[in-house]
Amino acid sequence: MDRFVVFPFATRWTPEGVADGYNASGANPNDQVHQFISTCPDRALGFCTVDPRHPSALDEIDRCVGDLGLKGIKMGPIYQHFSPLDEQPQAVYAKAQELGLPILLHEGTSYTPDCRLIHADVIQWDEVAYRFPELRIVLAHMAHPWQVDCIAVIRKRPHVYADISALHVRPWSAYNCMRLATEWGVLDKLIFGSDYPIFTPAQTMAGLRATNDILEGTALPRVPEEEIEAIIHRDSLQLLGLT
Numbered sequence: 001m002d003r004f005v006v007f008p009f010a011t012r013w014t015p016e017g018v019a020d021g022y023n024a025s026g027a028n029p030n031d032q033v034h035q036f037i038s039t040c041p042d043r044a045l046g047f048c049t050v051d052p053r054h055p056s057a058l059d060e061i062d063r064c065v066g067d068l069g070l071k072g073i074k075m076g077p078i079y080q081h082f083s084p085l086d087e088q089p090q091a092v093y094a095k096a097q098e099l100g101l102p103i104l105l106h107e108g109t110s111y112t113p114d115c116r117l118i119h120a121d122v123i124q125w126d127e128v129a130y131r132f133p134e135l136r137i138v139l140a141h142m143a144h145p146w147q148v149d150c151i152a153v154i155r156k157r158p159h160v161y162a163d164i165s166a167l168h169v170r171p172w173s174a175y176n177c178m179r180l181a182t183e184w185g186v187l188d189k190l191i192f193g194s195d196y197p198i199f200t201p202a203q204t205m206a207g208l209r210a211t212n213d214i215l216e217g218t219a220l221p222r223v224p225e226e227e228i229e230a231i232i233h234r235d236s237l238q239l240l241g242l243t
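Residue 158 in my numbering is what sits at position 158 of the sequence shown, and the numbering runs on without skipping anything.
It cannot be assumed that every hint is accurate.
So the derived label-pair ranges between C-beta atoms look like this [as the list claims (entries may be wrong)]: (1) ASP114 / ASP67: 18 to 24 Å; (2) ARG43 / LYS156: 30 to 36 Å; (3) TYR130 / TRP184: 46 to 52 Å; (4) ASP2 / SER83: 25 to 31 Å; (5) LEU180 / GLU229: 18 to 24 Å; (6) ALA91 / PRO171: 30 to 36 Å; (7) LEU117 / LEU215: 16 to 22 Å; (8) ASP67 / TRP184: 17 to 23 Å; (9) ALA152 / ALA44: 31 to 37 Å; (10) LEU180 / TYR130: 21 to 27 Å; (11) LYS156 / ILE232: 32 to 38 Å; (12) ALA210 / TRP184: 30 to 36 Å; (13) GLN35 / ARG3: 41 to 47 Å.
Please keep in mind that the hints were generated in silico from the structure rather than gathered at the bench. Glycine residues also receive a C-beta, built at the ideal position from the N, C-alpha and C atoms.
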């Protein structure tokens with residue numbers, strides 16, 4: 001692995017109101033990302049995080065790009081309690097498109113009681129991509145368990161991608177979504193991601209390479225091994241306009 005992306009995740013804002021600061025310690029995690037990537041600038045790229053409902057969100061993006069050299073934005077509607085089609089995030093999308101910043105979204109379900117699944121409806125990103133056609137979007141975890149809808153979106157929109165992080169922990173589900181991606185011709189729209197520190201890159205690579213293991217003794221169609229290797233070795237930074 002030659003280069004990698006690291007990012008924080010601002011989740012401190014609640015439906016009851018907007019809290020000050022970016023994490024429980026009071027430190028701004030965007031500054032912490034900057035400090036980390038400064039230790040290995042030839043390998044690491046940093047993304048910032050913002051909550052689109054925070055009044056300083058756009059100023060924070062400008063600061064992160066201009067002062068900290070960060071290259072993208074991480075958000076998670078289901079955890080930050082906003083809908084992708086709400087009015088406030090539209091300004092973040094416009095800013096990201098203007099500055100050429102990709103947006104990485106946590107997409108998929110959550111067991112957390114106060115997280116509303118309506119905010120994780122991946123079809124909403126088709127509308128976002130329609131409104132902001134040059135915005136590069138990455139839907140994390142292939143929006144599990146809504147991988148079929150995710151595939152429909154990335155197939156339709158040229159600048160929308162999905163990552164495969166954390167899929168391997170559910171082998172049957174992982175096989176099915178990879179096989180669907182094969183049949184729909186979107187394996188080239190899949191990006192490697194590890195969901196570190198929950199899983200390491202090595203664990204994710206091993207899990208990907210084991211996709212077809214569950215089929216032993218069956219006549220079910222395989223996911224092409226060369227396509228699995230292509231996901232692992234693909235220059236994802238180039239796809240996202242970061243090289």
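- Task: Given the range 17 to 23 Å, decide if the beta-carbon distance of ASP67 to TRP184 lies inside it.
- Result: 42 Å, violated
- Query: Is 18 to 24 Å a correct range for the gap between the Cβ atoms of LEU180 and GLU229?
  - Reply: The hinted range 18 to 24 Å holds for LEU180 and GLU229, with Cβ atoms some 19 Å apart.
- Query: Taking the beta carbons of ASP114 and ASP67, is their distance inside 18 to 24 Å?
  - Reply: 33 Å, violated
- Starting from the range 30 to 36 Å, see whether the pair ALA91 and PRO171 falls in it by beta-carbon distance. 41 Å, violated
- Item | Distance restraint hint 30 to 36 Å, applied to the beta-carbon atoms of ALA210 and TRP184 | Because 22 Å falls outside the window, the suggested range is violated.
- Are GLN35 and ARG3 spaced within 41 to 47 Å by their CB atoms? About 18 Å separates the Cβ atoms of GLN35 and ARG3, which means 41 to 47 Å is violated.
- Could one say that the CB atoms of LEU117 and LEU215 fall in the range 16 to 22 Å? Since the Cβ atoms of LEU117 and LEU215 sit about 31 Å apart, the hinted range of 16 to 22 Å is violated.
- ARG43 versus LYS156 beta-carbon gap, inside 30 to 36 Å or not: Given about 34 Å between the Cβ atoms, the range holds.
- Message: Between the beta carbons of ASP2 and SER83, is the distance compatible with 25 to 31 Å?
- Response: 37 Å, violated
- Query: Using the C-beta atoms of LYS156 and ILE232, is the stated range 32 to 38 Å upheld?
  - Reply: 25 Å, violated
- TRP184 and TYR130 - C-beta distance against the hinted 46 to 52 Å: 20 Å, violated
- Is the gap between the beta carbons of ALA152 and ALA44 within 31 to 37 Å? Because 33 Å falls inside the window, the suggested range holds.
Hint compliance for this structure: hints 1, 3, 4, 6, 7, 8, 11, 12 and 13 are broken, all remaining hints hold.
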